[in-house]
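Trainee: As you go down the protein sequences, you meet chains Z and C in turn.
Throughout the first sequence, residue numbering follows the working numbering, covering 986 to 1281 in sequence.
Throughout the second sequence, residue numbering follows the working numbering, covering 7 to 320 in sequence.
Because the hints were derived from the structure by calculation, they are not lab data.
Owing to the predicted nature of the structure, the values given are computational and were not obtained by experimental measurement.
Take the hints with a grain of salt, since some may be wrong.
With a cut-off of at most 25 Å between alpha-carbon atoms, the simulated DMTMM-like pairs for lysine to aspartate or glutamate come out as follows [what the hints assert, rightly or not]:
hint, chain 1, residue 1, chain 2, residue 2
1, Z, Lys1078, Z, Glu1043
2, C, Lys75, C, Asp151
3, Z, Lys1078, C, Glu302
4, Z, Lys1078, C, Glu190
5, Z, Lys1250, C, Glu135
One side of the interface only, derived from the structure: several residues of chain C facing chain Z at Cβ under 7 Å [as the list claims (entries may be wrong)]:
hint, residue
6, Leu55
7, Phe101
8, Arg105
9, Ile109
10, Ile121
11, Leu127
12, Phe131
13, Gly134
14, Ser278
15, Val292
Glycine included, each C-beta is placed from N, C-alpha and C at the ideal position.
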Amino acid sequence: MQVILAQALLGLNVGVFYAMLSLGLAVIFGLLNIINFAHGAMYMLGAFIALIGYSYLEQWFGISLQIGFWGSLIVAPLVVGLLGIVIERTMLKRLADLDHIYGLLLTFGITLILQGLFANYFNVSGTPYPGQPEVLGGVLNLGFMFFPTYRMFAIVFSLVVCFATWYVIEHTRLGSRLRAGVENPQLTQAFGLNVPLMVTLTFGFGAALAGLAGVLAAPIYSVSPLMGADLIIVVFAVVVIGGMGSIMGAILSGLALGLVEGLTKVFYPPAANTVIFFLMVLVLLFRPAGLFGKEK
Amino acid sequence: MMNKVLFAIMLVAGLVAPFLAYPVFVMDLLCFALFACAFNLLLGYAGLLSFGHAAFFGGAAYIAGHALKVWGFPPLLGILTGTGFAFLIGTVFGFLAIRRQGIYFAMVTLALAQIIYFLCLQLPFTGGENGLQGIPRGELFGLIDLRNEVTMYYLVFAIFLIGFGIIYRAIHSPFGEVLQAIRENESRALSLGYDVDRFKLLAFVLSATMAGLAGSTKALVFQFASLTSAHWQTSGEVVLMTLVGGMGTVFGPVLGAITVATLTHELGSFGSWVQVILGTIFVVVVLVFRRGIIGEIHHFVEQRKAARASADND
Chain Z
986 MQVILAQALL
996 GLNVGVFYAM
1006 LSLGLAVIFG
1016 LLNIINFAHG
1026 AMYMLGAFIA
1036 LIGYSYLEQW
1046 FGISLQIGFW
1056 GSLIVAPLVV
1066 GLLGIVIERT
1076 MLKRLADLDH
1086 IYGLLLTFGI
1096 TLILQGLFAN
1106 YFNVSGTPYP
1116 GQPEVLGGVL
1126 NLGFMFFPTY
1136 RMFAIVFSLV
1146 VCFATWYVIE
1156 HTRLGSRLRA
1166 GVENPQLTQA
1176 FGLNVPLMVT
1186 LTFGFGAALA
1196 GLAGVLAAPI
1206 YSVSPLMGAD
1216 LIIVVFAVVV
1226 IGGMGSIMGA
1236 ILSGLALGLV
1246 EGLTKVFYPP
1256 AANTVIFFLM
1266 VLVLLFRPAG
1276 LFGKEK
Chain C
7 MMNKVLFAIM
17 LVAGLVAPFL
27 AYPVFVMDLL
37 CFALFACAFN
47 LLLGYAGLLS
57 FGHAAFFGGA
67 AYIAGHALKV
77 WGFPPLLGIL
87 TGTGFAFLIG
97 TVFGFLAIRR
107 QGIYFAMVTL
117 ALAQIIYFLC
127 LQLPFTGGEN
137 GLQGIPRGEL
147 FGLIDLRNEV
157 TMYYLVFAIF
167 LIGFGIIYRA
177 IHSPFGEVLQ
187 AIRENESRAL
197 SLGYDVDRFK
207 LLAFVLSATM
217 AGLAGSTKAL
227 VFQFASLTSA
237 HWQTSGEVVL
247 MTLVGGMGTV
257 FGPVLGAITV
267 ATLTHELGSF
277 GSWVQVILGT
287 IFVVVVLVFR
297 RGIIGEIHHF
307 VEQRKAARAS
317 ADND
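Chain C extracted, bound-state conformation (with noise of 0.2 Å):
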């Protein structure tokens, strides 16, 4: 019920949303809830803390915007190019991570996306420090030009869209119910005779893959890939955009992204300041608020029904 209402919600927001706020801006957003919805997959159902998503979200970006600009791919094409990127390295990846469980996980995976943080600042055809500039947007089905703000924007929108069904449809799932098995209780899951190690490459891949898309979204509305996106802090942000929002949960994501990245961009101003606020809303949220804005509200319902369920036996 309560997912229903806030995908209404969201729908509703998403289409009026480039008449009311800056399309660019937006769009961004989209980018990172996209982004942080994939990486929930994996830390909220599988329980599996990956410090290394930049290099998808990063690394593809680099790849859709070389296609896009040097192979002159239409625009579709080149995401998907990204995206494929993203797969692939989200195989080899996962395959090696899921080797090492908990906290050897977070360290191998971000010593991982450090290989391609150096790859995207030290190739010949990445631009080094200042990125991947002038990427053509193009146009859609060679008939839609996409320099339009607007125009740009639904098709993001879709892009969006189409991502979060995906990874709902994931949760949803058999798969989804198997990872949060898992999560719960590895080993259990394990002598039930799941293929534990399968499941967690799955859903790595399909985390990654999802990051990717978000990436090379993202390269295409700047035109622009940028090396921050790969870099180690991109991937402490995502983490706390889901926990922000409520990991877990399938809205969180969402909300935690819009939340962070309005945050990020209204304090532009503030220089360095904007990482200590950043820290200390993470300190905080860990302490003191590790369910996230959506969990909260989930707790109070569900506690609510609980009093209220109590009160009907009386």
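For reference, chain Z alone in the conformation it holds in the complex (with noise of 0.2 Å):
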């Protein structure tokens, strides 16, 4: 039992990077009806943001420096969502009237680039993080058993972050009109709201998530350019199981697959890596739509 309970929040640790992930994913495609490959890319680098910044600056820019574990939760997310609001500007516009395939193409090109990028300069096999905070070291005493604070700590917060983004979306006014662009843009820019910025800024906001997500993942795994590669696709089946039609959907599905790849590493380690394959198999069988999705 005890094994049981350890794996289930140690894969609700993972669930809780699948629901930030296929949440920024679901997002973008909302307002830009496109699939962002760079989504794992763009975690891989804000894992990199905050190990640069904490162990590389001075070495490397000559910038005495160090930023932090909190200070990188704040700037890796801004330098990943520009770099993402740089790419919508200057590419994905550009794409906006084709076939949505070749929107997936390009961030697939830019994944490319990016992945190769930090393998020249860093080892394949990862990295490890050192600027985990004193404070979120040691173990907590949960009672039935100890579990490490700083993955407390990444579960707490990524919970927040999810809940926060839903209510914003969902029941604020803002989020009514994302809401209305999503739905038409057409009507939406007839009524005076500028669509163009509000995507911009969506998949600048999309890329901030997985930044973020990058920089909570960094303590614990190592930082690796091919971190995000591997995600990337595991969050893919993820998001096809939950359907990308709701905001709630894709954080739940998350949370929930993580869970359920927990717990398979109890019952039957082999398979712990392509449960999700196989259980978007059955979806596709007998729920083609995904579980919360309305199609497209």
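Since each chain comes alone in its own frame, lean on the hints to assemble the complex.
Mentor: Structure follows, in structure tokens:
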């Protein structure tokens, strides 16, 4: 029982990353109708910004400054979000009227570029992130088990971010405008809302979420150029299972599938890295539009 | 007309190539060219973007390799076994993937292919990260020794021509016409009474099978089935080859495969910069060069024709 609970918590830990990434994909998909293949690379970029900010600023750029973990939680999403904005304005915009697969292909190219760049300077097998704050070190006594404090922090922090995003989109004025833009861009624009600006900022926001997830992941997994690539394909399966029609659906399916993966590690370890793909097959057979999906 | 000229060029170039270049390298190009042609049948003619074709290419290589090495199959039967495997998983994956459309289709194929990748990594007979090594080339019909590179080359060239011929026939048949109708407007094709899903599935299976043929042949050539061939990056590379050459053209994928594979080969010493360069080409092609090389030539010729026709009318 102890083992199961421990693996369930670890699974939830993976699940919050799935949730944050699939949430970002869903937000972007809603307004731009594209799948951002580079989402994994942006997650990787977030982790590397944390690592570089902590260890390499002086060595590489001669700036005697160290950005700690808390600083990275702000800096990395800003930088990654800005990169997203630049990509949207300079490239994706030109593809808006074409078949949506071109957006996927473009972001695939960007993935290769980002991955290749970091693979030149960093070990593919990963570099540990040394900047985990003292406060979050050690373990928590949960009564029934001990759990690393940092992982608990990552779970809670990500959940807060996910549900805050959901709240903003579903229950605020800003969110209602965004949803109007998703529903009918022409009409929304005719009401005087700046839809192109909304599109750009939305893409930036989705990218920033990925960057933030990367920073949170840095102290847990070692930082590697391929960390995003391996993750993003699983997240694609999560998105196919959940369907991208609903924000809450993206969050919940991310969490649930992380749990399932964690539990598979207990019962049948060799299938742990494929169980989500097999679940996707089941969903395709019995509920092709996805659990929360409305086909677009 | 243009296709006939291009075919003649391809035939002559293919026949003399082993005397001008290193045969193993040209065989590698031919395998990728067939792979890209198979992929193009799906993307260029049926309008379906599969991001999982490495599963058929790489998966078939493992099965062919296993059949040749452990079961002691003769070369052609080994290749057929690998191709048959690609046919089987192509049928299953195709059946699942066509349940979703557009971008979802791409994501589903990518995720399904990842299952094959993990199987290639984890199954006991695959050699894990090292791949399946020491596949014997054997003797063709029990008579002709395939260890000779030039002999091997002509077998590969023959296989390429057969695969290319099958794909060409499929494209230029009523079946191919229906595929293009589906690509242009799926609901219209449906309302005309075509069983759209059946056509899509057939195209998918044919494309997967031909990709498997290419992968099996590659395993025989290199006597090695590599994990890289089954990786999603290979799925991306075949997309790039098809785009660079010109998707929806008969010869585009061949030219694209030659261009991209030669480039990767030449840049091999630059390490990870190869990825950066391939990524950059991807971005540039998608942004400004969507017709691809052959597509641009077609477009240019058509424009000239149109200009001349309007000049004649005046």
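Trainee: Do the numbers back the hint for Ile121 of chain C, that is, is its least Cβ distance to chain Z under 7 Å?
Mentor: 5 Å, holds
Trainee: Given the hinted pair Lys1078 of chain Z and Glu190 of chain C, is their Cα-Cα distance within 25 Å?
Mentor: Cα-Cα ~23 Å, so holds.
Trainee: Should the hint that Leu55 of chain C touches chain Z count as held when the rule is a Cβ pair under 7 Å?
Mentor: 5 Å, holds
Trainee: For the restraint on Val292 of chain C, tell me whether the closest CB of chain Z is nearer than 7 Å.
Mentor: Because about 5 Å separates Val292 of chain C from the closest Cβ in chain Z, which is inside the 7 Å limit, the hint holds.
Trainee: For the hint on Arg105 of chain C, just tell me whether its beta-carbon gets within less than 7 Å of chain Z.
Mentor: 4 Å, holds
Trainee: Once the shortest beta carbon distance from Leu127 of chain C to chain Z is found, is it less than 7 Å?
Mentor: 9 Å, violated
Trainee: Hey, does the Gly134 of chain C contact hint survive, CB to chain Z under 7 Å?
Mentor: With a minimum Cβ separation of about 13 Å from chain Z (threshold 7 Å), the hint on Gly134 of chain C is violated.
Trainee: Does Lys75 of chain C pair with Asp151 of chain C here, judged by a C-alpha cut-off of 25 Å?
Mentor: 16 Å, holds
Trainee: For a C-alpha distance cap of 25 Å, please report whether Lys1078 of chain Z and Glu302 of chain C respect it.
Mentor: 23 Å, holds
Trainee: Quick check on the hint: Ser278 of chain C CB to chain Z CB, less than 7 Å?
Mentor: Interface hint status for Ser278 of chain C: holds (4 Å vs cutoff 7 Å).
Trainee: So if I understand the rule, the pair passes when the alpha-carbon distance is 25 Å or less; does Lys1250 of chain Z with Glu135 of chain C pass?
Mentor: 21 Å, holds
Trainee: Under 7 Å, Cβ to Cβ, is where Ile109 of chain C needs to be relative to chain Z, so tell me if that hint holds or is violated.
Mentor: Holds. Min distance 5 Å.
In this structure, the earlier hints numbered 1, 7, 11, 12, 13 are contradicted, and the remaining ones agree with it.
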